[in-house]
Amino acid sequence: MKPNNALIGSPIERLEDLRFTRGRGEYVDDLTRVGLLHATILRSSVAHGRIRSIDADAARILPHVHSVFTAADIGNPVPIIPMRLHPLPELQPFEQPVMAYDKVRYVGEPIAIVLAESAAIAEDALAAIAVDIEPLPAVTGCGGSDERLFDAHGTNLALTYTAAKGDAAAAFADAPYTRREKFAVQRHTALPMEPRGVMAEWDTARGRLTVWGAAKVPFFNRRILARQIGLPEASIELVENDVGGGFGARGEFYPEDFLIPFAARRVGRPVKWIEDRREHLMAINHARESECDIEIACSRDGTILALRGHAATNMGAYLRTNGAVGARNIVQFMSGPYRVPNIDLTVSMWMTNKTPVGTYRGPGRFETDFFRERLFDMVARDLGIDRVEFRRRNLVAPTEMPYALATITPYEHKDELDSGDYQTTLDRCLQEIGWKEKIALNGKETDGRYHGLAVGCFVEGGAAGPKETARLVLEPNGSFSVYVGSSAVGQGLETAFAQIAGDALEVPLERISGVFHGSTAHVSDGYGSYHSRAVVMGGSAILDAAANLRTRIRVEAAARFDCAPEQVELVAGGTAVGPQGKSIAFSELAGDGLSAEGTFFNKKHTWGYGAHAAHVSVDPKTGQVDLIDYMAVEDCGRVINPLMLHGQVIGAVVQGLGGAFLEHLVYDEQGQLLTGSLADYLVPTASDFPRIRAQVMGTHPSPINPLGAKGAGEGGIIPVGGVMANAVAAALSSFGVEPHALPLTPPTIWQLMEPARR
Amino acid sequence: MSVPLHFEVNGKPVAIEVEPRLTLADCLRHRLRLTGTHVGCEHGVCGACTVLVDGDAVRACLMLAVQAEGAKVVTIEGLSHDAHLTPLQASFRKHHALQCGFCTPGMITTAHALLSEEPHCDAARVREVLSGNLCRCTGYVSIVEAVLAARVAYQKKDGPGA
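Top line first, the protein sequences correspond to chains A and B. Note that the numbering used here numbers the first sequence so that position 403 is 403, with each residue one more than the last. Note that the numbering used here numbers the second sequence so that position 70 is 1070, with each residue one more than the last.
This is chain A alone, in the form it adopts within the complex (with noise of 0.2 Å):
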């Protein structure tokens, strides 16, 4: 069905901001129990060693505190979380238990928690707990080491993926150009603003299990936890709250969601554990961190005709649920929204006595984008090609739509870019940052600072299937109610889809009662969000569950009227009209409540696309950089909130300048992470970026769902470190500075200016 057009399109102010502009958002720590403990993790201060003993007496005499549980107490075999993404069964030897028993592999790992009155006392107790660690070799970086983190597998190297297209050989046999580089990323993560949480209840007498703090993918986690812990998934509630944030990183299952259900019901109290911000640093998925080695082929009219090289990621010490993501999407989407006809691109993961890595807002897409447009800027200059000219060269065209992509393997992935017209955004956004006018100042010095600008494009990919489901249901009072298996994590869920059950209903947004999502209660089955999928998926769910309400009231209605349902007319407002203009409101036929199920199948992704241009300024006495404009045109297909669109792209930008130029999580040669507070691992701050401006455009919907969505929110991240590094390289074209690799911090961009001063 085609939804009409009143709320879809709006920039509707959302619902959810009346809770939180108040304080009233309801997060998984505000929430409490009686007879509520609170748990502790005590982690691995070593980043690989082989646990000798633990010896938790001393802690579990302590005053107030309850009990002290380690892998023994867990049981044997302890628990190993699965994949969720990319499941192969080669990767299965390096998932993660939920808590550590043989060796420990990172900082942070869990070997023991601490139940206790108070938090406070919680931790107290930690310190009463002596762990004998045998330490090993810390394995830091990738590559081969004597060292094996995992005794049974002979290499630390877990798996090595390809992208193939084409016969890249033969292109380069013949390329009357190549150029090779190699280029890098730093290990950084997510950072959401709210700390993890979990708090879970057992309930003896139903044989029953909540858990609260639930995020991005409950279906499935109450999957995994069903299966761990021995029960039905029945018999599991998990309940998602307000959620602080997620960006990829938040919600997936780490060891504390089995952690606490476990010590939850095995104490028979209520249990609640929240993260502080140092262990955040060291448990959550860390991403991002990878080097290259890759070449490219080109005709001399600047026309791409092959990229291969290789590529290798940093995993971390175990393969967590959605550890593969960055790593294989650094090869499939190297070529972005570029026609590149020949493909070979390996990539190779490796274990490291590191945390494990996933996925955080464009996983592999915002490393990838940084090697390739660092390396267009190379090839235009060597090939006497405008950067822009060069870019528009290779751009996919409409008429070539579908595109397809490189094929990954193991196990044979395709997937192909669906609709739009590259040269659109890319115009608009040479347009709107004033790129003719400004290209004068290009490598220029001005008051002491050296101008430079750059521009880079890209594609992004949302709306992964299988499917999700929807359930609207008509109140007595004649309002709707939204239940959906899609998932909040801050983004403004609950007003899209209100605006889109609206516009599918025909009635206004005040008669969407609410919008319900995430727990597994809602609805029989859900997918959850990630992957930019939650307007494209839930959104289509609603569209179809709201087609099938409006059938059961013509039903109800053709009951009253006596005629059949065909004759029922809804007339937008809420009311039923039959024959001989009878007509009754929406109220008298709900009963106590008609309901609806919807479900939205999806085997093919969207692409949204877009441009991003940047105008720096650096100064050469110290490589600090000034952000003095940037543009970020993208273009999602419809759109269905454009104050919420905005708001997502720029602050993707913002977050993707961090990455850029300030997030980095050191580790030292014994795998210590050297950033375990704010103060060291730095974010953007309100003064550090001001002028950052945004463009969404929705000329171009998605032919692969009846809303005409793509899935947006993470396009805004992906090209940001390429065009800084672009930008930053122009200005200092003069010194030879080359950036090879993330952050752009000034000693960093100094030291690159160093050899020119000599």
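Where hints are given, some of them may not hold.
[Claimed, not checked] For each label pair, taking beta carbons as the anchor points, the in silico distance ranges come out as:
no., chain 1, residue 1, chain 2, residue 2, range
1, B, 1021, A, 666, 27 to 35 Å
2, B, 1021, A, 32, 18 to 26 Å
3, B, 1083, A, 34, 28 to 36 Å
4, B, 1054, A, 573, 48 to 56 Å
5, A, 182, B, 1056, 46 to 54 Å
6, A, 440, B, 1117, 42 to 50 Å
7, A, 746, B, 1021, 32 to 40 Å
8, B, 1033, A, 666, 38 to 46 Å
9, B, 1033, A, 143, 50 to 58 Å
10, A, 465, B, 1021, 33 to 41 Å
11, A, 465, B, 1116, 49 to 57 Å
12, B, 1083, A, 577, 34 to 42 Å
13, A, 60, B, 1021, 18 to 26 Å
Keep in mind the hints are simulated off the structure, nothing from the lab. Cβ coordinates follow ideal geometry from the N, Cα and C atoms, glycine included.
Assemble the complex: chain A is given as a structure, and chain B must be docked to it using the hints.
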């Protein structure tokens, strides 16, 4: 060991016994159940726990509850009404100055303290003052716009900062 604590929270007198090591943030959240004040880092960097202590914006995670003896503390709950949003809150909503909402109470208390003192401040001043409050969602652009747009309410004699 507990010690007595007398202070005023959101205009109401409070008399409780607290452990000396209890932070003001934990006291507000877990003893007084004022959960609008959020804790994001516990080391004074993120600003999510900002409350007003005798009118000044203060990090409640860096202050012990016992240090609030005799003070007037205002939290986001004390800056809110049931019936309507304040001009600052409405401006945050209008400008989409929040997404996940976790930093928002700290942002609003900080901005309220700023606008109460300096209702004519400019964008650079807003950015300077808000630079002690981390937001991971918005990129700050809309927050600065929201605060600037709310200045007009604070410029009135009987405005929210009066």
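Going down the list of hints, with the structure as the test:
A hinted range of 27 to 35 Å holds for the C-beta pair residue 1021 of chain B and residue 666 of chain A, which are about 31 Å apart. Between residue 1021 of chain B and residue 32 of chain A the C-beta distance comes to about 20 Å, which sits within the given range of 18 to 26 Å. At roughly 32 Å, the beta-carbon separation of residue 1083 of chain B and residue 34 of chain A lies within the given 28 to 36 Å, and the hint holds. Evaluation of the 48 to 56 Å hint for residue 1054 of chain B and residue 573 of chain A yields a pass: the beta carbon distance comes to about 52 Å.
For residue 182 of chain A and residue 1056 of chain B, the Cβ-Cβ distance of about 51 Å falls inside the hinted range of 46 to 54 Å, so the restraint holds. At roughly 43 Å, the beta carbons of residue 440 of chain A and residue 1117 of chain B sit within the given window of 42 to 50 Å. Taken as a hint, the range 32 to 40 Å holds for the pair residue 746 of chain A and residue 1021 of chain B, whose Cβ atoms sit roughly 39 Å apart. Judged by the Cβ atoms, the range 38 to 46 Å given for residue 1033 of chain B and residue 666 of chain A holds: they are separated by roughly 39 Å.
At about 53 Å, the CB distance of residue 1033 of chain B to residue 143 of chain A agrees with the hint of 50 to 58 Å. The given range of 33 to 41 Å is broken by residue 465 of chain A and residue 1021 of chain B, whose C-beta atoms sit roughly 51 Å from each other. Residue 465 of chain A and residue 1116 of chain B have their C-beta atoms about 51 Å apart, which keeps the hinted 49 to 57 Å range intact. Look at residue 1083 of chain B against residue 577 of chain A: about 38 Å separates their beta carbons, and that is inside 34 to 42 Å.
Taking 18 to 26 Å as the suggested C-beta distance range, the pair residue 60 of chain A and residue 1021 of chain B conforms, at roughly 23 Å.
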